Amino acid sequence: MPDQAVSAVHAEGHDPALLHHFADAQQQRDSSSLGMWLFLATEVMFFGGLFCGYLIYRLQFFGDFGAASSSLSIKLGATNTVVLICSSLTVVLAVWAAQHAKRTLLLSSLILTIILGFVFLGIKGIEYKDKFDEHHVPGPSFSFENVKIPGQPADHYAKPNHAELYFSLYFAMTGLHALHMIIGAGIFVWITVRAWKGQFGPDYYTPVEMAGLYWHFVDIIWIYLFPLLYLIDRHP
Amino acid sequence: MSGNSEHSSFEHSSSLTTYVVIWLALLAGTALTVGAAFVDLKHFNTPLALIIATIKATLVALYFMHVKGSSEKMTKVVVISAIFFLLLLLVLSMADFGTRAWS
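Chains as they are written, first to last, in the numbering used here: chain Z, 23 to 258; chain H, 25 to 127.
Treat the hints as calculated values from the structure; they're not laboratory data.
Among the hints, erroneous ones may be present.
[What the hints assert, rightly or not] Partner residues aside, some chain H positions facing chain Z, computed with beta carbon under 8 Å:
| # | residue |
| --- | --- |
| 1 | L40 |
| 2 | L50 |
| 3 | T57 |
| 4 | T70 |
| 5 | K80 |
| 6 | V84 |
| 7 | E96 |
| 8 | T99 |
| 9 | V102 |
| 10 | L114 |
| 11 | S117 |
[To be verified] FRET-style restraints, in silico, Cβ to Cβ:
| # | chain 1 | residue 1 | chain 2 | residue 2 | range |
| --- | --- | --- | --- | --- | --- |
| 12 | Z | I137 | H | R124 | 45 to 51 Å |
| 13 | Z | N183 | H | R124 | 19 to 25 Å |
| 14 | H | P71 | Z | G71 | 18 to 24 Å |
| 15 | H | S105 | Z | V215 | 32 to 38 Å |
| 16 | H | L74 | Z | I205 | 23 to 29 Å |
| 17 | H | I107 | Z | G197 | 22 to 28 Å |
| 18 | H | A119 | Z | I205 | 33 to 39 Å |
| 19 | Z | K181 | H | V45 | 45 to 51 Å |
| 20 | Z | R125 | H | K100 | 28 to 34 Å |
| 21 | Z | G57 | H | S117 | 25 to 31 Å |
| 22 | Z | D152 | H | S39 | 39 to 45 Å |
| 23 | Z | G197 | H | P71 | 23 to 29 Å |
| 24 | H | F121 | Z | G144 | 34 to 40 Å |
Computed from a predicted structure; not experimentally measured.
For each residue, glycine too, the CB sits at the ideal point set by N, CA and C.
Assemble the whole structure, with the sequences as input and the hints as a guide.
Below is the structure:
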């Protein structure tokens, strides 16, 4: 039965744990990881442009940025930081569970990751709504009158157009970050479905690990966004 | 590092204890950075916040993203390149803006 032999070889060649163009499973995993890291390097530069813009205008309009930043809620920002850090833990737990063939832990970690992702986005949504209510969203209805500059005499008020620049950067940076969170949550829904079907185990867990790398990267971006956007000029 | 041994599939993985310790360190770092923001350190508030953020990011990359213990040396090259080019972007831009006579 040559047909069967061919299809057997063919099926083996499409085993996701070891595709036929790789020498061994380790090489295949390393290749995936390297590719993912290259993508993350481009993401670093993508966000880097925004961080560079922030740095330039923060130095140029130092006090105005401090005044605008003080209108954000540290409580919500810090909560979101904790939520993201916890979701990073659930992601490494998911990878560990896949490596050790622990199905229940794998599925619960993945679902918890998605839930934490949506908690983050929900809190972000509340923050955005507050900004809309306060007319702090750049545009025709923007208003930032008579806001004191931190650390300056009482009659020093922030210039509204400079504060508007801060909020433009705030929405661009957190918005781009939130978009990454939405994409990440979508990826984890897909990973959860595949895990539910039993496609991951000690031999093959690369997609879980790659989705994890992306998630951790998004976490790292937030680790920088939080102090730069929320925590400037807060001291009395 | 054992390249082709039976245990090589777990080469990337750390123990659960490590993960929990790193998680606690990240939470402590978050508390620290919030606390430090309310202390007047003159010009050092922002540098301190960035140092804490960098320590947290390094912990995530090394232990959660498994850069430490990665069998693929090229991964480290890519990570270092990304940091290098980011610094190139920031430092050269700031060198430009910082030395403009008209600004």
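List of violated hint numbers, smallest to largest: The structure breaks none of the hints.
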